[in-house]
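Student: Chain by chain, the residues run as shown.
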Amino acid sequence: MWIYKKQLQFPVNIRETNPRLAKAIISQFGGPDGELAASMRYLAQRYHMPHPEAKAMLTDIGTEELAHLEIVGSVVRQLTCRLTADQMKAAGMDDYFVDHTTGVYLQSAAGHPFTSAYLQVKGDPITDLHENMAAEQKARATYENILRLSDSPDVNEVMKFLRAREIVHYQRFGELLRIVQDRLDSKNFYAFNPAFDQ
Amino acid sequence: MAGNQHMLRDYSLPFAAWELRLYLNSHPNDRCALRLYHQLLASAPCATYAHTDLNCSSCCDQHVFGALSHMDDAACPCSSNLSDLMNGWDCACDQGDCCPLRWDWVEDPWPWDGCCGSCGN
Ligand SMILES: [Fe+2]
Chain U
1 MWIYKKQLQF PVNIRETNPR LAKAIISQFG GPDGELAASM RYLAQRYHMP
51 HPEAKAMLTD IGTEELAHLE IVGSVVRQLT CRLTADQMKA AGMDDYFVDH
101 TTGVYLQSAA GHPFTSAYLQ VKGDPITDLH ENMAAEQKAR ATYENILRLS
151 DSPDVNEVMK FLRAREIVHY QRFGELLRIV QDRLDSKNFY AFNPAFDQ
Chain H
1001 MAGNQHMLRD YSLPFAAWEL RLYLNSHPND RCALRLYHQL LASAPCATYA
1051 HTDLNCSSCC DQHVFGALSH MDDAACPCSS NLSDLMNGWD CACDQGDCCP
1101 LRWDWVEDPW PWDGCCGSCG N
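Chains U and H are the protein sequences, given in the same order. At the far end of the first sequence sits residue 198, using the working numbering, and the numbering has no gaps. At the far end of the second sequence sits residue 1121, using the working numbering, and the numbering has no gaps.
These are calculated hints, taken from the structure and not from any lab test. Each residue gets a CB set at the ideal place from its N, CA and C atoms; glycine is no exception. Warning: the hint list may mix true and false statements.
[As the list claims (entries may be wrong)] Label-pair restraints from in silico Cβ distances: (1) R15(U) - D1108(H): 47 to 55 Å; (2) E1019(H) - Q137(U): 17 to 25 Å; (3) G1003(H) - K89(U): 37 to 45 Å; (4) C1032(H) - Y47(U): 31 to 39 Å; (5) C1032(H) - P113(U): 42 to 50 Å; (6) D185(U) - D1108(H): 14 to 22 Å; (7) R1102(H) - K89(U): 54 to 62 Å; (8) D1108(H) - A90(U): 53 to 61 Å; (9) N145(U) - G1003(H): 28 to 36 Å; (10) W1112(H) - Y4(U): 18 to 26 Å; (11) G1003(H) - K187(U): 55 to 63 Å; (12) W1112(H) - F192(U): 20 to 28 Å; (13) G1003(H) - Y4(U): 21 to 29 Å; (14) M1(U) - S1118(H): 18 to 26 Å.
[What the hints assert, rightly or not] Here are some, though not all, of the chain H residues that point toward chain U, as calculated from beta-carbon distances under 8 Å: (15) N1025; (16) W1105; (17) V1106; (18) D1108.
Based on the provided sequences and hints, a complete structural model is requested.
Tutor: Have a look at this one:
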C-alpha cells in the first residue's frame, strides 16, 4: 500500500502563465513517454520479477514516478491557472479548453488520451528491463525537448530536475539487468525467460 | 528560517535519503551507503516534522549537517517512529542498535508473492 506525503518531491513555483508551454509539458503527464506510463509500467512489472532486488527497485522507482506525475501536473496547473478563454484561444489551446477547461487531463501534447498501449509488461525480466532503460532514455529526451521549447527559468528548474532523475533511473535499471543476467542458470545459454522457463 | 535551511530540511535531506534507497536496492551489501542512509533518516524526518507537535528530540541535532559532510564510526541512531513518519517504511535497525549488515528492504517475500514464492516448498 501507499502513504501520501503532502509535499512535492521538488518545489514548483511558476510566476508566469504560459498555456502553449503547458500544452507541450502535459505530454509528460499522460503522453507516450510520460510519468504515468512510467509508473504503471514499473508497478505492473513487479509481479513476475524473480529477484527481490528487482521487486524493490520497481516498487521504489514506480513510486517515485508517481511523485513526478504530481510535479508535472503542478507545472501544467500553474502555467494555466487564472487564464481567460480568450487567452487560451490566443495561445492555440482552445481545442484543449473546450474539453477540459483548465483541468489537467492525462493526454499527450498532440491530444491523444492516455493508453496502456504506451507500455509493455512482457513477463520476461530481461525484456522488461531493456524496455525500462529505453523508457528512461525516451523520457530524458522529452525533457530535453521541453527545455528547448521553454524560456521560463521557473519551469526549466523543474524540467532539469526531472531529466536528471531519468538518468539515475536508467543507471539503476542497468544494474538490475546485470543482476538478473548474472543469476541466469548456467545452462540457460541463450538467456530464455528466467521468470518462466525454470 | 533561511531559504537554504528550508530547502535542506524539506527537500535536500529527504531527497538524499531517497537516492540512497534506490542505490541500496541494487547494492544491498554496501554498508557505508546503508549507514549514511540511516544517518539521513535519523535527521531528515526530525527536521521535516519540526513544525508539528510530534516529539522528535535528540536524534536530529547532531546529524542534520554532519551526515552530509562526514561519516564517523559511531553507531547510527535510528528511531522506527521517525522513519515511519518520513516515508512509511519500517526502520531496518532497532533503536540504539548499529546499522544492519544488509539492506533488508530487498528481502523476500513481497506482499504479492503468496505461494508463488517459497511457501510450501
Ligand atoms: Fe524515471
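Student: With reference to the structure, classify each hint as holding or not holding.
Tutor: Status of each hint after checking the structure:
1. Distance hint for R15(U) and D1108(H): a CB-CB separation of about 48 Å, consistent with the stated range 47 to 55 Å.
2. The given range of 17 to 25 Å is respected by E1019(H) and Q137(U), whose C-beta atoms sit roughly 20 Å from each other.
3. Separated by about 38 Å at the C-beta atoms, G1003(H) and K89(U) satisfy the suggested range of 37 to 45 Å.
4. Checked against the hint of 31 to 39 Å, the C-beta distance between C1032(H) and Y47(U) comes to roughly 32 Å, which is consistent with it.
5. Between C1032(H) and P113(U) the Cβ separation comes to about 47 Å, which falls inside the hinted range of 42 to 50 Å.
6. For D185(U) and D1108(H), the hinted distance range of 14 to 22 Å is satisfied, since their beta carbons lie about 18 Å from each other.
7. Roughly 59 Å separates the CB atoms of R1102(H) and K89(U), a value that falls within the hinted 54 to 62 Å.
8. A hinted range of 53 to 61 Å for the beta carbons of D1108(H) and A90(U) is consistent with their spacing of about 57 Å.
9. Roughly 31 Å separates the CB atoms of N145(U) and G1003(H), a value that falls within the hinted 28 to 36 Å.
10. Range check, W1112(H) to Y4(U): Cβ separation about 21 Å, and the 18 to 26 Å hint holds.
11. The supplied range of 55 to 63 Å is met by G1003(H) and K187(U), whose beta-carbon atoms lie about 59 Å from each other.
12. Here the CB-CB span from W1112(H) to F192(U) is close to 24 Å, well matched to the stated 20 to 28 Å.
13. A beta carbon spacing of about 26 Å between G1003(H) and Y4(U) agrees with the range 21 to 29 Å that was offered as a hint.
14. Against the hinted window of 18 to 26 Å, the Cβ-Cβ separation of M1(U) and S1118(H) comes to about 23 Å, which satisfies the hint.
15. Proximity of N1025(H) to chain U holds as hinted, the smallest CB-CB distance being about 4 Å (cut-off 8 Å).
16. Interface restraint check for W1105(H): the shortest CB-CB distance to chain U comes to about 5 Å, inside 8 Å, so the restraint holds.
17. This hint holds: V1106(H) has a C-beta 4 Å from the nearest C-beta of chain U, less than the 8 Å allowed.
18. A least Cβ separation of about 5 Å between D1108(H) and chain U falls short of the 8 Å threshold, and the interface hint therefore holds.
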